[in-house]
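Asks: With the hints as extra help, turn the sequences into a complete structure.
These protein sequence lines map, in sequence, to chains F and C. For what it's worth, this note's numbering labels the leading residue of the first sequence as 90, then goes sequentially. For what it's worth, this note's numbering labels the leading residue of the second sequence as 46, then goes sequentially.
Hints listed in this document are in silico derivations from the structure and should not be mistaken for laboratory results. Where a beta carbon is used, it is the ideal one built from N, C-alpha and C, also for glycine. Accuracy of the hints is not assured; some may be wrong.
[To be verified] Covered, in the sense of this in silico footprint (three residues per stretch, anywhere, with C-beta under 8 Å from a C-beta of chain C), are these stretches of chain F: (1) 158–164; (2) 182–192; (3) 227–236.
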Amino acid sequence: MIETINLAKQFKDVAAVKGISLTVQKGEIFGLLGENGAGKTTTLRMLATMLMPTSGTARVGGFDIIDDSEKVRANIGVLFGSEVGLYDRLTTRENIAYFGQLNGMDKSSINQSVEMLADAFGLSEYLDRKAGKLSKGNKQKTAFARSVVHNPDYMLFDEPTSGLDVTASKEVHVFIKQCKEDGKTIVLSSHHMDEVEKLCDRVAILHRGEIMDIGTIPELIQKYNCDDLEQVFEKLTKGA
Amino acid sequence: MMTYRNAMIVFKKELKDFFRDKRTIITTIIVPLLMFPLIYSVLGGQISSATEKLSSSITIGVPNSTSDETISLLSNNIFSGTGTTFSLKKVSDFKKAIDDEDIDVGMQLDDAKVFASIKASKPFELNIIYDSNKLVSGNAISVVQSAINRYNTKVADAKLKALGLSEQDIKPAQTNITTIDEYVVSIGGTATSTGDTNPFLAMMLPLLLGVMVPLSTIAAATDMFAGEKERGTLEPLLSTKAGRSSVLLGKYFAVIVLGIISITAYIAGFIIALAMNPSITSSFSSGEATGGILSGLSISLGVGLMVIVLILLLSMTSTAIQVALSTWSKSVKEAGSYMSFMSIAVMIPAYATMMLQPGDVKEYMMLIPLYNVIASMKLALGGIANIKLYAIAIASSLAFLAIILVVVLKMLKKESVLFRN
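Replies: Shown next as structure tokens:
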């Protein structure tokens, strides 16, 4: 389970996240939906222990992100948004395997996991190609594979299909659904309504660092008397 | 154990990454290997040709009006039997003749007076004209003067002999020069110096290593954390199970290994350069070079080992500073700016110790980072076995190193540093 308790983050005079509280159950895909600057990435970075909350806290798998940050890191896989960073002089395989090694995997488990992920993301023919020579889409998929190579119980994905074409996005969606079936707990951020509708069991709509509402998509549609999630989103964020 | 394992993973990955970069191989191995041979083949070539010319023949210009008899007298009495062949050549314009390299130096003289004076062993004047901007002309002056001094001594000896006197009769006070170590040994004490001195290396090696060791790691250190930040790989890396200390140590030692490879290439290049141009070291020898082309580099095993330890310490200290700068920087460009400044700053301790004599090294100097290691090299190569000074230098360097690494570790945990951009 992942839970945040009044989690807040202040950057100088900007309140990026304003005391949000939410709970993500084991085996659930939870979506953070919001515009740019809503606080999605900052929330994920705090859950990944990369940023220290200004106040409040969060627990990932029972470990506090402030007091047990190393244990939190040992249980998560994170795909950070924005620019996808790979080691250009290492091959796709080496890039993925490096993170497997750093997460304590043995060689045979790494090989098995790399092959499985390459198959899932259509990267098999690029495994021995230098990352610097990959297309943007394949780089994004490699970064995705790298973040989950160690098969973590908790997965944090910031804009997982950003920069991917339709086919590649579909591969990622299939993989995320498979992870849910395997009992993984997933928090993803997105501003694509269709992606959130397809994948998420529940969503939190964030606006200017605050949670406007949380619920399943049918619940939210019904609650705000809308036709779809996009209308709910507009109603909650434009009226705020 | 976990820290060590993860540090090794990072270390191996970094080395793999470095050696797949052609620029790293060029700047780390190829350039250091070729730099000294190229510099010294030009410099050594000039020195050799000048030395060869001076030891074979020197042409002295005399005024056109000088008689053949005077020239013959000068040649036979002054400019002969010195090992160098002197030619006296009549010229009308000393400047043009030196410019055209027809002569090496000019010699103004009063023909009749010089002729008569040499015949009678009486005083006379020779006005030597040379061009200080020309290597051969500038050096020829001392050879010419030495020949004249030899003549003067010969005449003085003959005159003294005629009077039944020797040189000691007119120079009664005799001096013997003894080093302090020789003196201490003569009275039954123990010398400070081990005797393993090498004046050439004591002057050149600390200077070269003081500059080259820090420079050799700059490219790799710049990329270390600033490159990770710029590529967007730092966050994924720090979100793994591997702790920040493992990441830091793995990267740090990879850069040090690269620095050591680079320094080995520099030293190999330096040895090749000296092997190609032995005349460079012979000027530092008290006598003629007799031990083969690499005699100028001979040091004892103990001194060699001490120098290796000091190179390692220098590399570790300078790399730690570079790592700190790279960690603080938000981009490779920013790190590059700091490193440019550092590449100039490291020359200060290197040049500050250039003229420092091993015996002038004081205890407080051993507390100054970088300077203390370079000064210790001076001591080692100067044959000074002062354990206390070495111990202060090594201990203070290790303490400085530990402080820097702790600061870097703190920076890696500080989001204001990690997310400066």
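Asks: If you check each hint against the structure, which ones fail?
Replies: none
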